[in-house]
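Number of protein chains: 2
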Amino acid sequence: MKIQGKQYHTIWVKNGNSAVIQVIDQRKLPFKFEIFDLITVEDTYFAIREMVVRGAPLIGVTAAYGMYLALLNFDGNGFEKYIIEKADYLKSSRPTAVNLAFAVDEMLDFILNKKLNTDLIEKTLEKAYGLKEKEIYFGNKIGEFGLNIIEQIYEQKKESVNILTHCNAGWLACIDWGTATAPIYKAHKKGIPLHVWVDETRPRNQGARLTAFELGEEGVPHTVIADNTGGHLMQHGKVDLVIVGSDRTTITGDVANKIGTYLKALAANDNNIPFYVALPSTTIDWEIENGLKEIPIETRDTKEVSEIEGWNGSEMVSVKLIPEKSKVANYGFDVTPARLVAGLITERGICTADKKSILELFPEKNI
Amino acid sequence: MKIQGKQYHTIWVKNGNSAVIQVIDQRKLPFKFEIFDLITVEDTYFAIREMVVRGAPLIGVTAAYGMYLALLNFDGNGFEKYIIEKADYLKSSRPTAVNLAFAVDEMLDFILNKKLNTDLIEKTLEKAYGLKEKEIYFGNKIGEFGLNIIEQIYEQKKESVNILTHCNAGWLACIDWGTATAPIYKAHKKGIPLHVWVDETRPRNQGARLTAFELGEEGVPHTVIADNTGGHLMQHGKVDLVIVGSDRTTITGDVANKIGTYLKALAANDNNIPFYVALPSTTIDWEIENGLKEIPIETRDTKEVSEIEGWNGSEMVSVKLIPEKSKVANYGFDVTPARLVAGLITERGICTADKKSILELFPEKNI
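These protein sequences, in sequence, are chains A and B.
Per this note's numbering, the first sequence starts with residue 1, numbered consecutively.
Per this note's numbering, the second sequence starts with residue 1, numbered consecutively.
For reference, chain A alone in the conformation it holds in the complex:
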């Protein structure tokens, strides 16, 4: 998608130098746009750990390229021990991100028991590129299927379609298109008039900083709101559709997503507004049935709540928001029960949020 009018992915091989992987540095967005170079596996660990890159799909692809960089920079003996260590090291950068581990393991499986030579290095780079392509494919297909929902609303309403989204399930969290944003970009490119309500998404403000930024750069009309606002808008007919992403989805259709998603699902339900979740099937956990009981919820650094990062005109600074004496809790995600979800938009099509419908789209998973 576009930044300052130029087409970007979130990660790519440096033009003219395949020993360097480049990513968009998301830490200072939307206030400063910078490119960050990954040359070593340590750079890759740093980029994931410090959230230079974030978003489950992008983290996975970045780690895959990290395995390529590990290979490229190997210099010595004991290659197998070395590469297994580097895989573990990369996996430890964000311990809860499930598809980070999947991506690294897929790369490791590919590399192990092969002879280290320029051919393997080249093929490993191709393999990482394959994971990247798969993510782009997912976003593209989710976008096409989700577009139908927006089109239908537009055909009925004949006026600009108002879509609410929470957090950043956008292309900055992926490679291109995004998940929740993919149908929005497809509809916008097709000329369907629409407007997006962007939840700020405290505590890390991914909505206010990243979703607003990427929609703005693509020219999609949007308005940033405090997380408290969605219910009021829905009560007053100002939201036609909610689309969010998913960090983990049960086989029964429960959705773990950024904290606060459940509250918007309740409000959508209370006002008869369709609440859709856009997700690649890689976020479906085929082994669990009860999201509320079985999905562990990550608690994060309380500083994300007690302080906030913003732009003072020349740099990013943190300011304090609460009294020194007060305790703080910071839960990263919540679980929206399937009963509140109108449908799941996947790369294979749209289904209702229940086991039967999900397995109809993914029959090979019915074990």
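In short, the hints are calculated from the structure, not lab data.
Careful, some of the hints might be misleading.
Where chains are identical, the list cannot tell them apart; a pair therefore holds if satisfied intra-copy or between any two copies.
To be verified - Once the Cα atoms are required to be at most 27 Å apart in a straight line, the calculated DSSO-like pairs of lysine-lysine come out as:
no.	residue 1	residue 2
1	LYS320	LYS32
2	LYS293	LYS238
3	LYS115	LYS28
4	LYS238	LYS303
5	LYS303	LYS320
6	LYS158	LYS293
7	LYS28	LYS325
8	LYS123	LYS32
9	LYS303	LYS32
Given chain A's structure and the hints, the job is docking chain B onto it.
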């Protein structure tokens, strides 16, 4: 209630100089505690408009003292026209606050058709003090009635009672005790173990800054959370009771309160958690029946969303949170329909949120 161990009200006549009304400057709390002087009606307008003081009851009392200051500073001809103009001027400082208008009109009725002399000025000051006393009485009674609810939960649970509150319906919004916090302070003083989840309350962070501050100064255990978090806590049995305040209540029990209240009411409802609203009857608008249709919702400066104020270690500073290109919307309140409200805690007792029950407590209003 206490600040740094010393007993305070939010507003008082300056010791030794009755031409000066003093208020706690709430703009720099919790980081800096300062007193703000009101000498003119323009100071009063400024204090209300710029939220030196905030909270419906305190705004009303402040405006009442403002009418006294208007009287005190009159110098010229056309007193009646002057005082009516000042009344309108004060009322325009915060359009949604219904008891601001009530307080000003009550003062105006008292002043009009009287002879302007030192006796009237003295009696007007007494009248304003009467409104202040009434608010303290309201908080005290609401606290006593609400205490019963907390006590009952404690008797059943035999463990610390977890209460969630949104925004600041605390003593800083009133004169003393507060509304939503009054039952909490009463229970705490009685030795009932409890813990309060404090919603940050974006965009102005009255929860993180004011409720957390006042609970901390009174020694009440509490934890600040992002507004997105309450639903998750309720799903996991971590909330026993929700108590919020009200800016305006319909005779049918619909409640207009700080934006985001509706979302918490939905989550409480979805998890069978009692959702109570603590309010003095002065916030009841006896003329309207449909909160969603009839209560106008104030939109406020978008900078409250696009920027945030915090403490950098030595002063309050504002930092930017969203891209320059993005639009922002800032709605101040939402309406929680009566069907989601377990009960109203008033100065006359607790009633269910419907016209019949409300009128049983306030039979004199049945016109």
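Hints versus structure:
no.: 1; hint: LYS320 with LYS32; in the structure: both (22 Å within a copy, 12 Å between copies)
no.: 2; hint: LYS293 with LYS238; in the structure: between (34 Å within a copy, 14 Å between copies)
no.: 3; hint: LYS115 with LYS28; in the structure: neither (41 Å within a copy, 64 Å between copies)
no.: 4; hint: LYS238 with LYS303; in the structure: between (34 Å within a copy, 22 Å between copies)
no.: 5; hint: LYS303 with LYS320; in the structure: both (9 Å within a copy, 18 Å between copies)
no.: 6; hint: LYS158 with LYS293; in the structure: between (42 Å within a copy, 25 Å between copies)
no.: 7; hint: LYS28 with LYS325; in the structure: between (29 Å within a copy, 16 Å between copies)
no.: 8; hint: LYS123 with LYS32; in the structure: neither (35 Å within a copy, 60 Å between copies)
no.: 9; hint: LYS303 with LYS32; in the structure: both (22 Å within a copy, 20 Å between copies)
When held up to the earlier numbered hints, the structure conflicts with 3 and 8 and fits the remainder.
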